[in-house]
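Q: Build out the structure end to end from the sequences listed, making use of the hints.
Protein chains in written order, with my numbering: chain A, 1 to 408; chain B, 1 to 408; chain C, 1 to 254; chain D, 1 to 254.
Honestly, I wouldn't trust all of these hints.
As the list claims (entries may be wrong) - Here are the computed lysine-lysine pairs in the BS3-like style, where the Cα-Cα straight-line distance is at most 27 Å: (1) 4/A - 396/A; (2) 65/C - 159/B; (3) 159/A - 4/A; (4) 159/A - 8/D; (5) 408/A - 98/B; (6) 408/B - 396/B; (7) 396/B - 159/A; (8) 408/A - 3/B; (9) 159/A - 159/B; (10) 396/A - 103/B; (11) 360/B - 396/A; (12) 396/A - 4/B; (13) 8/C - 117/C.
Stated by the list, open to error - Pair by pair, the computed Cβ-Cβ distance ranges are: (14) 69/D - 213/A: 35 to 45 Å; (15) 296/A - 37/B: 56 to 66 Å; (16) 37/B - 42/A: 33 to 43 Å; (17) 37/D - 407/B: 16 to 26 Å; (18) 244/A - 120/D: 48 to 58 Å; (19) 241/D - 3/A: 43 to 53 Å.
It is worth saying that the hints were derived from the structure and are not from the lab. Please read these numbers as outputs of a predicted model, since none were measured by experiment. We put the CB at the ideal spot given by N, CA and C, even for glycine.
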Amino acid sequence: MSKKGFFGNWGGAYIPEVLNQTFRQLEAEYGRARQDPSFWQEYTALMSNYSCRPTPLTYAANLSRHFGGAQIYIKREDLNHTGAHKANNVMGQGLLVKRMGKKRVIAETGAGQHGMATATMAAKFGFACTIYMGEVDVRRQRPNVFWMEKMGATVVPVKDGSRTLKDAINEAFRDWVTNLDDTHYVFGTACGPAPFPEMVSWFQSIIGQEAARQILEQHGRLPARVYACVGGGSNAMGVFQGFLGDDVELVGVEAGGHGLDSGRHASRLCGRDASPGVAQGYKSMFLQNEDGQMLETHSVAAGLDYVGVSPILSDLADKKRVRFESATDQEVIAALDLTMRLEGIIPALESSHAFVQAFKEAPELPQEAAIIINMSGRGDKDIFTIAHAFDDPSWKEFIIARAEEYRK
Amino acid sequence: MSKKGFFGNWGGAYIPEVLNQTFRQLEAEYGRARQDPSFWQEYTALMSNYSCRPTPLTYAANLSRHFGGAQIYIKREDLNHTGAHKANNVMGQGLLVKRMGKKRVIAETGAGQHGMATATMAAKFGFACTIYMGEVDVRRQRPNVFWMEKMGATVVPVKDGSRTLKDAINEAFRDWVTNLDDTHYVFGTACGPAPFPEMVSWFQSIIGQEAARQILEQHGRLPARVYACVGGGSNAMGVFQGFLGDDVELVGVEAGGHGLDSGRHASRLCGRDASPGVAQGYKSMFLQNEDGQMLETHSVAAGLDYVGVSPILSDLADKKRVRFESATDQEVIAALDLTMRLEGIIPALESSHAFVQAFKEAPELPQEAAIIINMSGRGDKDIFTIAHAFDDPSWKEFIIARAEEYRK
Amino acid sequence: MQLEETLKKRRQEKDILLMTHLVLGYPSFEVNRTIIRQMVDNGVDCIEMQIPFSEPMADGPVILKANQDSIAAGTTVAACLEFGREMAASYDIPFLFMTYYNIIFKYGEERFLDAAKAAGITGLIIPDLPPEMGGEFMTMARDRGIAAILIFAPTSTDERMGELNHWAAGFVYCAARRGVTGKKSEFGSEFYDYLARCRRATSLPLAVGFGIQNREDVAALIGRADLAVIGSRTIRLVDEEGPEAVGPFIASLR
Amino acid sequence: MQLEETLKKRRQEKDILLMTHLVLGYPSFEVNRTIIRQMVDNGVDCIEMQIPFSEPMADGPVILKANQDSIAAGTTVAACLEFGREMAASYDIPFLFMTYYNIIFKYGEERFLDAAKAAGITGLIIPDLPPEMGGEFMTMARDRGIAAILIFAPTSTDERMGELNHWAAGFVYCAARRGVTGKKSEFGSEFYDYLARCRRATSLPLAVGFGIQNREDVAALIGRADLAVIGSRTIRLVDEEGPEAVGPFIASLR
Ligand SMILES: Cc1ncc(COP(=O)(O)O)c(C=O)c1O
Ligand SMILES: Cc1ncc(COP(=O)(O)O)c(C=O)c1O
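A: Here it is, written out as structure tokens:
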């Protein structure tokens, strides 16, 4: 990262003046934490005692056999407390908030996963907590709202714009500029104004550190390729950082939605619909129209359904260090289905995108080669979306019967 | 365990003659596995690579401060793959099934947790799988049914008797006596005919082994007390075994339902409603009437809603080695609420029973003392039950709105 | 006269004996009475009366439902004992109780045996009580002249049959196949081999149960077993055609 | 004449100047025209025209909604530029564009500046472009005689104000408080201290915005600032009472 928070052409901190001091404080605290080896120790100790780190790197014997090519390993971020890699970032920022002496945290959430993680962290650290969530997402993801509220957080449905993730981010910024003295905004992915992209990636690098050690222990050498889904880019950055300096091909998989030509997707780094832009505080590739107005995006996976992408990934794309692919909603459901049946593992819809691409490429690799799929989260949180996507008739009956009871 | 599978007055194997050889084979295989140190190694390796063992022993700083007495530690079985301690037992039995060369597994399930775990194991090991589940439970726990089916299992709704757990067990036995040559019945708790109570407890002892080591590392000495909820008794036996030989008080918490005097509970070892009996293949304390007919039981936690209890626990109760208490549905909801707000942790309704009793006793213990609560599983699987128990109005609206969509 | 003797004596007069089964209190004791009368009138040699239990793990759907309906209708163990007494006093064939062990355990083993004895019951079938668990109880039964009837299964090895024979009394119940009551069994050469093994393992009469439905099934057992057991078939018959259908059905079997 | 000069000149004639704000294309360009005429007729000294952006992160609910409705109604950047040209040609007061950086970035920085220049626009307010990010752009603007207006916030230290002043042109926009547009600000001694700090930090005219609602608010600024900025208040007025209410409202402010 350059002094101004750029990675190649991308990044920066396009923030309202009122936040200037807040960002200086954050940068300073983050800088001190990075210099201080005891901080990372405290962080990993917390993650091992409260979450379940190191998470396993599971050898997927059945999938490997099924595809008959590379040996498939799955990095199990689903086994984190709250069920996804989001916990890593959130707990790290929680420690920083404690250091800064702030008493309140806010966050945006799309799928609800980052909101859940933040509400959890706030309960654990004793912070007040407000979560901004697009009204559409509140309606789609009611279970997560329920848990956030039970954890003591206030969930604010955002009724502006497309009423999804990007609007929740805008609204969280509006809160922040109002309450900056006691409040920290826990950004949920490797986007946003500097130092967030780098800082979030740093906390997530725990994934790659572990995975690099684990693959050597288990497979005896580095993997040929590493796959991760890319929403904002935090889980991808997390795992990729374990292999950036090595001869390992890194593959980011974006949401192909109904297909790259359909206009209904969320692919920023592959496909032709995105262009350079500046929004939500950073410069990167955005799905926007000619005038610079952001477009509506689509993905079966709420966590990938976002207009922007990490500036660090935009840079790695420029440098051809990471290859970007996309997976359609349909392919995602098929890969999820196969993984459940063959391995007894339920990847989140987001994570399933990485599985799709890995499955496409595994057969063409030799059996001595290993590949790692970063399973960013578990899918059982997505019962409402997944059962819906599978169009399961008994699920529908179940919901209708429940509703009957509640109507009485 | 005596030669005939008794623990004091309790246990045995009251099985139809047709199963005699099957049990001999199982006992022999189990005996060999216990003798063979490489078996336990294979088991722990599997649990660490596929699940997330060792699971952490989380220090609950906020709860400890809140109650102002003993230091509270939580053993995090919720972080297992599939979200509960059930995975331990199931994976262990899976290894035995492989050794026996059988190709199909069956299981009963109440809450769905053991069924989920078994379906998962079957997918992983490539076994055919049938899960028996009371029709009432199928209706209550549709999400689990959905996942089991997606994992490739056949879920059979049992329409006999009270259409809950005990009936599912009977039905699984009926399948077993029919298909014993290629089928293993993966019993879900430390009950049933010998060697199940001992064998299931053995697999679950991984919990106590870890916890004993962890509390010494973290607290410097043994805990004063260990709390576990008691359905069939497997998670309790699992954690207790780490401390049986030590000066540690062990507390099992049963389902108090609407209260011990209400007739609507599932307390076998405390309360006055249970008496010695023989059912489902073993002798223990059962909730039954004068004639020996089993009674309907009640608990907000489906996994504790069962007529019998582990014969090993009946024996430990006789010997006063384990103290038994009960927690009412109402107390359970309050403890769950507090734990979510203060620690950002969501115990399963079953596990919350253990929290209730620990919370009652923590204040009376000195601050130097530690207590361990075994958190047998996570509660987010119970969204339908918990949101219902909290009588959450937005949850009801959400379900009604979803149903509207499906009705179209 | 003890059960074994009685059966052997009757067997001298017939190729094959018939044992029937019913669930007490299902659909009612009143109907039980009618059915038993018809059974006896049509030449049944021995009747197995099931005291219902809430968890009949070895029974298939038909008998399972009968157990549950009977309990739901209020059938008690005391009423079953009394009904048994009435039947044994009314008819000159052996009456047995079939039930699960918890019913006896909860009633009290000795107390139950004494009550059964007093009622004139000559044998007990307890499918979930293998001799390893019930040895003492079986001895107590023998002491009172009540036969604790044991079961051979197709999965029983010769050695196991030997062990079982050591405890067996009255007759040996040979389950025709794996599985629970109520499904048809296939009688092939494997089955006949199994019956031959049973025969070699014991000098007691052999009863064959599980899925016997008609005259051919019964005929196939002649020379290979001593009793053919008609189980859920009669319950289904009563459910479908009423108690009066039992007599003609029994008559048709031999 | 450059913006700073124009304002200083006008200021010599009045205690305090008025700057107003509107969102282009909301509710329509037609209504924008009516509103601007009334503003000018009632003595407004400078008008800030917001080119709508889909993600107006520094704006409160009223302006946010106006942005979204305008875009939804089809407002384009080209149309905004053309409308700006028309206004600047029609009235003899300075017109500014206010927008977010992406609108300019996407249009092309130089191309945008040239177009603005050609349209007669004299200043730009870009709330998400601090000088660290926009230094080069600010220089390009200055080269074309367009003022890139910077913002002071209550959280800005004296040192920071110094840094900002280095880049500032036209006037300095002093945000009256933390938070987004559209809420009432409290004018207490802390606020006056802040304005005094602002005054010391720059020789440019000072505009004060965020929540100015009425004659008292405006009066309170006399002697402390040079421009009072009326933001979302007029939008709300138009929404509630129609465009004709704007004239009398403006007239009432001074
Ligand atoms: C399970 C899971 N994976 C991936 C993502 C995408 O985020 P990122 O690209 O920052 O990893 C999300 C976002 O909510 C998520 O919940
Ligand atoms: C989370 C959880 N805890 C506890 C239990 C009770 O079982 P046991 O007493 O065997 O641990 C269950 C059973 O389903 C369960 O799901």
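Q: Does each hint fit the structure? Answer for all of them.
A: Results for each hint:
no.: 1; hint: 4/A - 396/A; verdict: violated (52 Å)
no.: 2; hint: 65/C - 159/B; verdict: holds (10 Å)
no.: 3; hint: 159/A - 4/A; verdict: violated (33 Å)
no.: 4; hint: 159/A - 8/D; verdict: violated (42 Å)
no.: 5; hint: 408/A - 98/B; verdict: violated (50 Å)
no.: 6; hint: 408/B - 396/B; verdict: holds (19 Å)
no.: 7; hint: 396/B - 159/A; verdict: holds (21 Å)
no.: 8; hint: 408/A - 3/B; verdict: violated (56 Å)
no.: 9; hint: 159/A - 159/B; verdict: violated (47 Å)
no.: 10; hint: 396/A - 103/B; verdict: violated (33 Å)
no.: 11; hint: 360/B - 396/A; verdict: violated (42 Å)
no.: 12; hint: 396/A - 4/B; verdict: violated (49 Å)
no.: 13; hint: 8/C - 117/C; verdict: holds (21 Å)
no.: 14; hint: 69/D - 213/A: 35 to 45 Å; verdict: violated (54 Å)
no.: 15; hint: 296/A - 37/B: 56 to 66 Å; verdict: holds (60 Å)
no.: 16; hint: 37/B - 42/A: 33 to 43 Å; verdict: holds (37 Å)
no.: 17; hint: 37/D - 407/B: 16 to 26 Å; verdict: violated (54 Å)
no.: 18; hint: 244/A - 120/D: 48 to 58 Å; verdict: holds (51 Å)
no.: 19; hint: 241/D - 3/A: 43 to 53 Å; verdict: holds (50 Å)
Of the numbered hints listed earlier, those contradicted by the structure are 1, 3, 4, 5, 8, 9, 10, 11, 12, 14 and 17.
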